[in-house]
Amino acid sequence: MKILVVDDDQLAGEMITAILHESGHQVVQTEDAMQALEVLSQQADIELILSDLNMPFISGLELYHELKEQGSTLPFILLTGDNPEPILAAEPGLNACLMKDFSMSDTLPGVIAVVMAAHR
Amino acid sequence: MNSNKQSLQEKIAQLSARFMSQLPARLETIQDQLQLLELEPDHRSEPNQLLLADVYRAFHGLSGTGRSFGLTDLAAIAMRAEALIRQLIESTDKIKPAHWSAEISGLLQQLEQYASCYTAPASNDNRADHDSISSAEALASDFKSAAPLVYICDDEPEQIDYLAHQLRCLGYQVEHFSQTSSFREAVMQQRPDAVIMDVLFPQGRTAGTDELARIKEATGQQLPAIVLSGSHSFESRLSAVRAGCSAYLTKPASAMELAAALDELIKDKQEEPYRILIVDDEPEVAEYHSLILENAGMVVHQIHNPTLIFEALDHLNPDLMLVDMYMPVCNGDELAALVRHIPEYVGLPIVFLSTETDVQKQFSAMQAGVEGFITKPVVPSELVATVMLRAERMRTLRGLIAKDSLTGLYNHSTTTEMLVSALAYAQRQKEPLVMVMIDLDKFKRVNDTYGHMAGDQVIVALARLLKHGLRSTDVVGRYGGEEFALVLKNISVEAAVCLLNSLREAFANVVFNAGQQQFTCTFSAGISAYPGYETAEALRLAADAALYRAKGQGRNQVIVSENEDA
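As they're listed, the protein sequences go chains A and B. The working numbering puts the first residue of the first sequence at 1, with every later residue one more than the last. The working numbering puts the first residue of the second sequence at 1001, with every later residue one more than the last.
FYI, nobody ran anything at the bench for these hints, they're computed from the structure. On a predicted model such as this, the values are computed, not experimentally measured, just so you know. Glycine included, C-beta positions come from ideal geometry on N, C-alpha and C. Possibly wrong hints are sitting among the right ones.
Looking from chain B toward chain A, a few residues come up when the C-beta cut is under 7 Å (computed) [claimed, not checked]:
{"id": "1", "residue": "L1008"}
{"id": "2", "residue": "H1060"}
{"id": "3", "residue": "S1063"}
{"id": "4", "residue": "G1064"}
{"id": "5", "residue": "N1295"}
{"id": "6", "residue": "K1489"}
Listed next, with one range per pair, are the computed distances between beta-carbon atoms [as the list claims (entries may be wrong)]:
{"id": "7", "chain 1": "B", "residue 1": "P1377", "chain 2": "A", "residue 2": "V39", "range": "32 to 40 Å"}
{"id": "8", "chain 1": "B", "residue 1": "H1301", "chain 2": "A", "residue 2": "G71", "range": "39 to 47 Å"}
{"id": "9", "chain 1": "B", "residue 1": "S1413", "chain 2": "A", "residue 2": "M116", "range": "46 to 54 Å"}
{"id": "10", "chain 1": "B", "residue 1": "D1314", "chain 2": "A", "residue 2": "K2", "range": "27 to 35 Å"}
{"id": "11", "chain 1": "A", "residue 1": "M34", "chain 2": "B", "residue 2": "V1329", "range": "47 to 55 Å"}
{"id": "12", "chain 1": "A", "residue 1": "G24", "chain 2": "B", "residue 2": "R1393", "range": "22 to 30 Å"}
{"id": "13", "chain 1": "A", "residue 1": "I87", "chain 2": "B", "residue 2": "F1310", "range": "55 to 63 Å"}
{"id": "14", "chain 1": "B", "residue 1": "E1090", "chain 2": "A", "residue 2": "V114", "range": "30 to 38 Å"}
{"id": "15", "chain 1": "A", "residue 1": "V114", "chain 2": "B", "residue 2": "S1413", "range": "50 to 58 Å"}
{"id": "16", "chain 1": "A", "residue 1": "N83", "chain 2": "B", "residue 2": "P1283", "range": "55 to 63 Å"}
{"id": "17", "chain 1": "A", "residue 1": "I87", "chain 2": "B", "residue 2": "Q1087", "range": "43 to 51 Å"}
Here are a few chain A residues that sit away from chain B, every Cβ distance over 10 Å (derived from the structure) [as the list claims (entries may be wrong)]:
{"id": "18", "residue": "M34"}
{"id": "19", "residue": "Q35"}
{"id": "20", "residue": "A44"}
{"id": "21", "residue": "I58"}
{"id": "22", "residue": "K68"}
{"id": "23", "residue": "Q70"}
{"id": "24", "residue": "L74"}
{"id": "25", "residue": "I87"}
{"id": "26", "residue": "L88"}
{"id": "27", "residue": "A90"}
{"id": "28", "residue": "E91"}
{"id": "29", "residue": "P92"}
{"id": "30", "residue": "A96"}
{"id": "31", "residue": "V111"}
{"id": "32", "residue": "A118"}
Work out the full structure: start from the sequences and follow the hints.
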């Protein structure tokens, strides 16, 4: 499956990419929401978006809202350095919100599987 | 499955190391931004909101990414700074509280301390990225990078210089550090394959092992390490165990002992992944099975048309073949029988994938020499276990049959087979191929004078040097008692001569111990090459003749077969 990763921190993005590659996914890595929107308009085979929350100019949540407004139905997983609970409570439309921490390499593949299963 | 996990862990460790090396620059940027904030004309004026937002995001990024890499201490400090900035952004009176500046620069200082603890000066970061390397240099670096990289950290230079020299002669790349700080910097720049660490340093009784433990905490990964220490104390040994070291040698240790311990440590890394060939006419199914096996760390090649089987076998040289039972051109059992007719693949394990639950039909397939059955739809863990088990058994069996028990090198008959297939490959690819015959000089005298134990030591040392000094694609075989054969792929005769001479000089410098006596030993080598000789037998005879000439001309030299001079 092809996944779009949005993270302004290049290293954090590469770490997510490494984890996704490990579970056999293809990854397109972008560093801001504008790039992400451009990629989405060009590559129709992307099936999932993983975005960091806190980014300059356009945050992950703003990107999410923009996509919903454009009518996108792609599942969207938000990654954050903070406690994900209040964000999920405020944005129930998000498919998942995940804490960025060292356990991501173990938890992320499972979360993706659950999100994709629920989405289909 | 472990090997796969390992590679992900390695990637993460590398990223983490890069994060650490970028830390000083990131902190410097924050420092500059904070200074701009301080410079604002009046303390009671409103701080620049844009600048504040930048600083906020910088700290937020440090805490988030830091936590992603498991650097919890760093993340915690950055989070406190982040909270402090947020207070200011959100406060209604927009005035910096009295102690704000002191607090924030205090936190920044803590971060800087944390960073300096683990990072190296970023001076020669990109030295490896030169585009225009001449091919000879590229080849030399090719061989060099194949040699295991060993870091020695010890503050007693006299002893270590000698050991390092001996280890280099045995084919290791050795870097020596006399301080734990310079060692740490080097580790952050490039991870070694193994570490030899002293325990006691001027700054602390277990400073060496403590450093290893700290690096493990920072990178989330254990460095493969052995301890070389002058101390027999319980405290020192315990610190080695706690730092995750896998062996504890006491000084004085010989280079041979160290080499044995190092190879034990490096061995696992060199284990190649299993190679699996999938034959299935349905690409989606093949892709699915391929993904499952690749996830378990295997190398998978798929073909969707059984008639391509020969190219695929040649190309991949698989450890196991996974075959769909029903295919349009020919059935799985026919394909299995066909493969069994090729002598090289008589032993290749073949596993069938089928919807067949009929025991009778399964039995008839067994008669065609099939090792196992997996019924579709496949349970991933079952597929991995079935394939892994059989591929592993195949490897072990091949290893027992193919390898010499003293040196772990390929034995005579395997070496010959590998020469034949390497030559066939070189002819197809129109690549050069070099064959080398090596013989230890006056080896009988070593055995007679110092005993067979000493003789074995010499043979193991040469085997080690050859293994470390050549690329993993090259073939190193023990051809007879003190005779070795090498098959070097895609290399010119000149480059081979140059390589062999450097190995010869290194080996001549290895000092062996037999009781109270010390001695050295040399070898002679004969080289032949394709094109020039067109069969394996001709290559071997020509290399042998050249070796004979090397012996006749006084030994300890490398001679190229005469036909090659033309």
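Of the hints given before, which are not true for this structure?
-> 6, 16, 17
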